[in-house]
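Chains as they are written, first to last, in the numbering used here: chain A, 1 to 319; chain B, 1 to 319; chain C, 1 to 319.
No copy is singled out in the list; a pair is fine if it fits within one copy or between any two copies.
Computed cross-link-like contacts, SDA-like style, restricted to lysine to any residue with a CA-CA straight-line distance of at most 20 Å: (1) Lys75 / Ala106; (2) Lys45 / Ala106; (3) Lys45 / Ser314; (4) Lys45 / Asp135.
These aren't lab readings, by the way, just hints derived from the structure by calculation.
These figures come from a predicted structure and were not determined experimentally.
Listed below are the residues making up each chain.
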Amino acid sequence: MRNPQLNAAGELTHLLSTDGLPREVITQILDTAQSFLEVSNRDVKKVPLLRGKSVFNIFFENSTRTRTTFEIAAKRLSADVINLDVTRSSTSKGETLLDTVDNLVAMHADMFVVRHASSGAPYLIAEHLQRIGRDDVHVVNAGDGRHAHPTQGLLDMFTIRHYKQDFSKLKVAVVGDILHSRVARSDIHALVALGTGEIRAVGPQTLLPSALEQMGVRVHHDLASGLADADVIIMLRLQNERMNGALLPSAREYFRCYGLTPAMLALAKPDAIVMHPGPMNRGVEIASEVADGPQAVILPQVTFGIAVRMAVMSILAGN
Amino acid sequence: MRNPQLNAAGELTHLLSTDGLPREVITQILDTAQSFLEVSNRDVKKVPLLRGKSVFNIFFENSTRTRTTFEIAAKRLSADVINLDVTRSSTSKGETLLDTVDNLVAMHADMFVVRHASSGAPYLIAEHLQRIGRDDVHVVNAGDGRHAHPTQGLLDMFTIRHYKQDFSKLKVAVVGDILHSRVARSDIHALVALGTGEIRAVGPQTLLPSALEQMGVRVHHDLASGLADADVIIMLRLQNERMNGALLPSAREYFRCYGLTPAMLALAKPDAIVMHPGPMNRGVEIASEVADGPQAVILPQVTFGIAVRMAVMSILAGN
Amino acid sequence: MRNPQLNAAGELTHLLSTDGLPREVITQILDTAQSFLEVSNRDVKKVPLLRGKSVFNIFFENSTRTRTTFEIAAKRLSADVINLDVTRSSTSKGETLLDTVDNLVAMHADMFVVRHASSGAPYLIAEHLQRIGRDDVHVVNAGDGRHAHPTQGLLDMFTIRHYKQDFSKLKVAVVGDILHSRVARSDIHALVALGTGEIRAVGPQTLLPSALEQMGVRVHHDLASGLADADVIIMLRLQNERMNGALLPSAREYFRCYGLTPAMLALAKPDAIVMHPGPMNRGVEIASEVADGPQAVILPQVTFGIAVRMAVMSILAGN
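One chain only, chain A, in its complex shape (with noise of 0.2 Å):
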């Protein structure tokens, strides 16, 4: 079966998941990224590359954050963004998502921007634009589920590149709640693919997937070891609703053993950088010194975030 994100030409038509993104193509979207960061730092932050292209912002799940981030990056390009509040839309009135779908192609839509709940839902809207022949108009996955949140990965291997260039020689460390995270796997399949040196999981047992070691990253229970010498560590969020669950005794306790302070901070190496998705829970997955301190990149990252999206955008659209 034919890679879902790719055209016949191998070219980037969708964007649903880092798993199976040639690194060519993860190099191209980081490369052109590059060039878009000048543009917000512009005194008329606008490029005129999707003008008069229609992007529709579909959140099945609430995200303002993130939303944002991709708004800013269409109307940097120009494009005209229509947010779609669809829990109070007609799928609330029984139709069903690729019936939206066909509607909103018929509005002539050039792109969607999904976020979902359930894993896989941008690939359903994927595969059903392949079946009905439409392949000008392209799908951007902004996090389905527990399964991925490609942009946030992206964004993440252009903050790594930028401070650290070459994957190959880096140790890289992804703490936390590594189970319920799409940014985690997110990362760990684009690290992958850029070759990283050394790929390590860090966390408790009932929050480790169990297949990471066949994709050759390391296992870490202790973050002490986890954190040794490592270059880049990767902090995840800890959700709300694992902290008093069967899964994790309390945030506190979750603090103490997996937390990121700055003694803990002391065990990598000296120029390591700290990353955060965000939004932060401030003592409990990571201490304030830490996530203000000058190792952190957390505020680059969401920089880099909208260069990232702007680019994703831009050669999705075909420039």
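Dock chains B and C against the given chain A, drawing on the hints supplied.
Just chains B and C now, with coordinates in the frame of chain A:
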């Protein structure tokens, strides 16, 4: 009394209803829409006809789909579009509808697209604008109660003309809950104005208004006789709230009697087209085989709807 | 300590309050607004002064009307406007207000329009921006708690200057619930700064703050004496939640004592103007005959409000 939709020169100044809309005005809208069809196929889907105009979507009744079609149409005309979530606004603080309108006029609004659960609300606004002498501000009715949904009526006429040309030779069947349908009402008035050969209303006694025959509409309670030899079939959405009420036994029973199945469709002319305003209740008023079949023109209706709304806005703005 | 609204050169860098705003800055804003009045009357109501700038409406407290005025003002300046529905965003996931601000700054925000139920929230953001050295990012207070609503204060000054020119000769009466009104506070500070001849606060003992007289305001508990010979009457909205509380007997009783009726208005100068920030409670603080009468300038206030907000944004952006 003057037709409140036309100015002293007989030109369209508001679009409130297809009732009382002269044939020449309908034809002018359809001809203008024809010229806009091509804009949505361009690489840059924009024309500057409403540049610098402020269009307000005032939806007292929630409808993501209809709001989206107007928002896209306005943006493709380069207007500034402001969506008011009126359920959360000053009107809920006790301000009257006309105070809200006066305020928006004072902000130099150019056009109001109004949806309201009460029949007549857009008329009320149009009359108020006439009273305060602001004939430069225009109202488009985007659906008021059971009364009218004129842009849906006009896009339905566009669709019929596109596939069938001459209205005088056509048998058009409108099927379903006509009593509660503003779409049916708007369609029937427009079909009459355009000189349609034969107009049929098909549905159970409880869901047909009494005055149909005075409008020249032929009433059928039997679906088979209503569809016999028809050129055009307009299926209506069965509102969820009717499905288990006093007027209808059940959705299942409704489908058995009035659902459009392939067998029923075979009674119409072989080249009959099937229309539906959406969102569809598959398996209630229409079978999926018909909805997705070769005679369905339901998605083209959506495409034509954008062009028709662009045409209405452009004409109202004086182009 | 430096005035947080002005930069080292004494230029406006945030608009937080009319308290402490120098007379020359107020005059600069009013003069600039005068030049923008004409833009909203053009056929193409747009100037490119904020093209490519990203303006974020961050409304922690819902206000469709105020958000709309800022959105229109920003769009007529050609800015990209992003509305954040903060009640549904990351702050509800436990992120702090300043983390949210840091994130938006990292996305290259140029301006924040902030509404908050707590007094001081916009100051907090402005101070934070100063601390992180980002004097290129600007804050406009769109209403914070009972504290300030400076653009309303400035548009009220614009209105008075438009109709009455010289402030030094005027008697201005502010009538109603001054204790809970950020509008009243912003008006009084601006009236003082502009050298108004006589400022009166009119209302029941329970709804007047104690410090008024130290600001040079004359207190009247009797409406008739408060209105006698006035040039300008600023009516305040009586909040619904006050109407049946401990501070007031009832809305009916309030109207009897403090409602502006034609008879009461006749006590003021014959050419006195009547203002109201909206939305009005007709029959509570103001009679409909007055609200719709020839002395009311309530709708011109709305028109001037767009021009004043355009002026503020344009000056902050460095034009």
